[in-house]
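Here is how the chains run, residue by residue.
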Amino acid sequence: MRSFSYLSAPDVETALRVIADGEGVKFLGGGTNLVDLMREGIERPATVVDITRLPLTGIEELPGGGVRVGALVRNSRLAADLLIRTRYPVLAQAVLHGASAQLRNMATVGGNLLQRTRCLYFYDGAAACNKRAPGSGCDAIGGFSRGGAILGASEHCVAAHPSDMAVALAMLDAVVEVESVRGVRRIPIADFHRLPGDTPHIETALAADELITAVELPPVPVAANSRYRKVRDRASYAFALVSVAAALNVEDGVVTEARLALGGVGTKPWRATEAERALLGAPATEDAFRRAAEAELAAAVAGPQNAFKIELARRTIVATLRRLLTEGSAA
Amino acid sequence: MRLNVTVNGRAEAVDDVWEGESLLYVLRERLGLPGSKNACEQGECGSCTVYLDGVPVCACLVAAGQAEGRAVRTVEGLAEGDRLDPVQEAFVEAGAVQCGFCTPGLLVQAHDLIERNPRPSDAEIREALAGNLCRCTGYEKILDAVRLAAARKAGAA
Ligand SMILES: Cc1cc2nc3c(=O)[nH]c(=O)nc-3n(C[C@H](O)[C@H](O)[C@H](O)COP(=O)(O)OP(=O)(O)OC[C@H]3O[C@@H](n4cnc5c(N)ncnc54)[C@H](O)[C@@H]3O)c2cc1C
Ligand code: SF4
Ligand code: FES
Ligand code: FES
Numbered sequence: 001m002r003s004f005s006y007l008s009a010p011d012v013e014t015a016l017r018v019i020a021d022g023e024g025v026k027f028l029g030g031g032t033n034l035v036d037l038m039r040e041g042i043e044r045p046a047t048v049v050d051i052t053r054l055p056l057t058g059i060e061e062l063p064g065g066g067v068r069v070g071a072l073v074r075n076s077r078l079a080a081d082l083l084i085r086t087r088y089p090v091l092a093q094a095v096l097h098g099a100s101a102q103l104r105n106m107a108t109v110g111g112n113l114l115q116r117t118r119c120l121y122f123y124d125g126a127a128a129c130n131k132r133a134p135g136s137g138c139d140a141i142g143g144f145s146r147g148g149a150i151l152g153a154s155e156h157c158v159a160a161h162p163s164d165m166a167v168a169l170a171m172l173d174a175v176v177e178v179e180s181v182r183g184v185r186r187i188p189i190a191d192f193h194r195l196p197g198d199t200p201h202i203e204t205a206l207a208a209d210e211l212i213t214a215v216e217l218p219p220v221p222v223a224a225n226s227r228y229r230k231v232r233d234r235a236s237y238a239f240a241l242v243s244v245a246a247a248l249n250v251e252d253g254v255v256t257e258a259r260l261a262l263g264g265v266g267t268k269p270w271r272a273t274e275a276e277r278a279l280l281g282a283p284a285t286e287d288a289f290r291r292a293a294e295a296e297l298a299a300a301v302a303g304p305q306n307a308f309k310i311e312l313a314r315r316t317i318v319a320t321l322r323r324l325l326t327e328g329s330a331a
Numbered sequence: 001m002r003l004n005v006t007v008n009g010r011a012e013a014v015d016d017v018w019e020g021e022s023l024l025y026v027l028r029e030r031l032g033l034p035g036s037k038n039a040c041e042q043g044e045c046g047s048c049t050v051y052l053d054g055v056p057v058c059a060c061l062v063a064a065g066q067a068e069g070r071a072v073r074t075v076e077g078l079a080e081g082d083r084l085d086p087v088q089e090a091f092v093e094a095g096a097v098q099c100g101f102c103t104p105g106l107l108v109q110a111h112d113l114i115e116r117n118p119r120p121s122d123a124e125i126r127e128a129l130a131g132n133l134c135r136c137t138g139y140e141k142i143l144d145a146v147r148l149a150a151a152r153k154a155g156a157a
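As you go down the protein sequences, you meet chains Z and G in turn. Those letters in the first sequence? Residues 1 to 331, by the numbering used here. Those letters in the second sequence? Residues 1 to 157, by the numbering used here.
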């Protein structure tokens, strides 16, 4: 690992000033992604600012029924919080489906949102990768692309977004609160992660000098009946091949409200708006669930190695909605 | 920097520490506590698991500076004097140790599981230990050991 200078930020103001004034400054949260990427030589900050002592660790109820989660709340604490588990079971479940117990104890909400892709070529310094080295090409296209995205890809990058937590946040219309010396901004989650287009190295709407301070969850009554389902190569401790975050309200056999987001298949946490449209007003039946899944996946494009994800996503969407109907949000 | 950190109940002041080095390095190379193992250095294997302020973490991914003023408990701190913790005893008795490289991390992680959840189900044990990789045992004896330790601790309580 290259050497770097290290600073522990005592307060938000100091953190913001250091990143505004310096070159190559990176914030250090739980370190579970940044330290790994630094060891691999992919991230090479000149200065690392430890933000884990900042007072951004609260989980607070907001007037109106929402919840505000500090950016430094550890993933395991978020998943264990009673408010989160009752109002947003999908979020608690998504977090618990990610990484390992030790890693969840370290990982922060802000760092989870900014974790980078697990595309093999991104990690391989000898490979062509537009995300790591803009303009160098993309070895995943035509290469080993089993994990690649089927939604939102471009000819420049097909890497899937790896976060489980962010899929639940996309379903919940969370708002990311960020701050810099220029002030505070609130970024809807749908605009936070970007499609790769021809600039796959620009992954989010966060400016280089901005700190994520909190994630705000709006009141989403239907989320009381929500769940997260993740399909992977083994039962635990693996990234998603396909995952589904879903919430459903059914009255007299008819869907009156539905929210759906997908993981493992999109270049960003994927809100399935086409499927939601198809579900609204439809009978709560397997047939209707399948049609909704197909509406979303009509746009899917796969290579030879990840074509299985289309069928797997279709089945996982149907299975998640069916479980919601029969068992509610019980994990 | 001079790193002030409590390790296994003892206040330590370690000189000439670079804040950016790993807590694992501090424990093994500067404090002479080689129990926590260094294998992947990527958070994948769990062999470096230690308690940091009472919560198990991968010491290979914690920067030394992040441990300033905090309390660390390693596998060396599980026993009370010569008396092994029930989790350690159970690992020995169940034959859950082969090469032993994964054992210290598993002991800390299993210790934490039983503290928080005295009667874990098999599914809960598997999930709690998912981040600890063992290439020797096939895990069955490890599961036996955790079940045994949980039963003993529950019996003693
Ligand atoms: C073995 C392994 C398995 C994993 N499996 C999964 C999985 O199955 N599902 C899943 O979703 N994730 C998984 N992860 C990823 C894990 O969830 C992320 O590494 C973690 O959430 C990142 O959080 P962190 O606080 O450690 O971030 P860090 O590593 O500290 O930071 C990540 C990035 O975010 C920046 N950053 C951090 N906080 C802020 C902030 N507040 N403001 C601005 N910038 C900030 C850092 O500068 C850095 O660029 C896995 C990781 C490992 C190592
Ligand atoms: S898919 Fe994206 S991350 Fe992977 S090699 Fe291509 S450009 Fe890089
Ligand atoms: S050495 Fe830390 S997790 Fe493998
Ligand atoms: S006993 Fe050898 S790695 Fe587990």
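Among the hints, a few may not be true.
Listed next, with one range per pair, are the computed distances between beta-carbon atoms [claimed, not checked]:
#	chain 1	residue 1	chain 2	residue 2	range
1	G	11	Z	315	38 to 44 Å
2	Z	315	G	99	50 to 56 Å
3	G	55	Z	142	39 to 45 Å
4	Z	20	G	2	53 to 59 Å
5	G	138	Z	224	39 to 45 Å
6	G	81	Z	46	24 to 30 Å
7	G	10	Z	315	40 to 46 Å
8	G	122	Z	146	27 to 33 Å
9	Z	142	G	122	42 to 48 Å
10	Z	82	G	124	54 to 60 Å
11	Z	41	G	117	47 to 53 Å
12	G	100	Z	182	51 to 57 Å
13	Z	22	G	151	37 to 43 Å
14	G	55	Z	41	48 to 54 Å
If you're looking for bench data, these hints aren't it; they were derived computationally from the structure. The structure presented is a predicted model; accordingly, all values stated were derived computationally and were not measured. Every residue gets a Cβ at the ideal spot worked out from N, C-alpha and C, and that includes glycine.
So, going through the hints one by one against the coordinates:
Between residue 11(G) and residue 315(Z), the C-beta spacing of about 56 Å breaks the proposed range 38 to 44 Å. At roughly 41 Å, the beta carbons of residue 315(Z) and residue 99(G) sit outside the given window of 50 to 56 Å. For the pair residue 55(G) and residue 142(Z), the supplied restraint of 39 to 45 Å holds, since their beta-carbon distance comes to about 44 Å. Between residue 20(Z) and residue 2(G), the C-beta spacing of about 30 Å breaks the proposed range 53 to 59 Å.
As the Cβ distance of residue 138(G) to residue 224(Z) is approximately 41 Å, the hint placing it in 39 to 45 Å holds. Against the hinted window of 24 to 30 Å, the Cβ-Cβ separation of residue 81(G) and residue 46(Z) comes to about 47 Å, which falls outside the hint. With their beta carbons about 55 Å apart, residue 10(G) and residue 315(Z) fall outside the hinted range of 40 to 46 Å. For residue 122(G) and residue 146(Z), the Cβ-Cβ distance of about 30 Å falls inside the hinted range of 27 to 33 Å, so the restraint holds.
With their beta carbons about 43 Å apart, residue 142(Z) and residue 122(G) fall inside the hinted range of 42 to 48 Å. In this structure, residue 82(Z) and residue 124(G) break the distance hint of 54 to 60 Å, their C-beta atoms being roughly 19 Å apart. Hint check: residue 41(Z) to residue 117(G), Cβ distance near 40 Å, so the stated range 47 to 53 Å is violated. At about 54 Å, the CB distance of residue 100(G) to residue 182(Z) agrees with the hint of 51 to 57 Å.
The supplied range of 37 to 43 Å is broken by residue 22(Z) and residue 151(G), whose beta-carbon atoms lie about 55 Å from each other. One distance hint, 48 to 54 Å for the beta-carbon pair residue 55(G) and residue 41(Z), is violated here, with the actual separation near 30 Å.
The earlier numbered hints that this structure contradicts are 1, 2, 4, 6, 7, 10, 11, 13 and 14.
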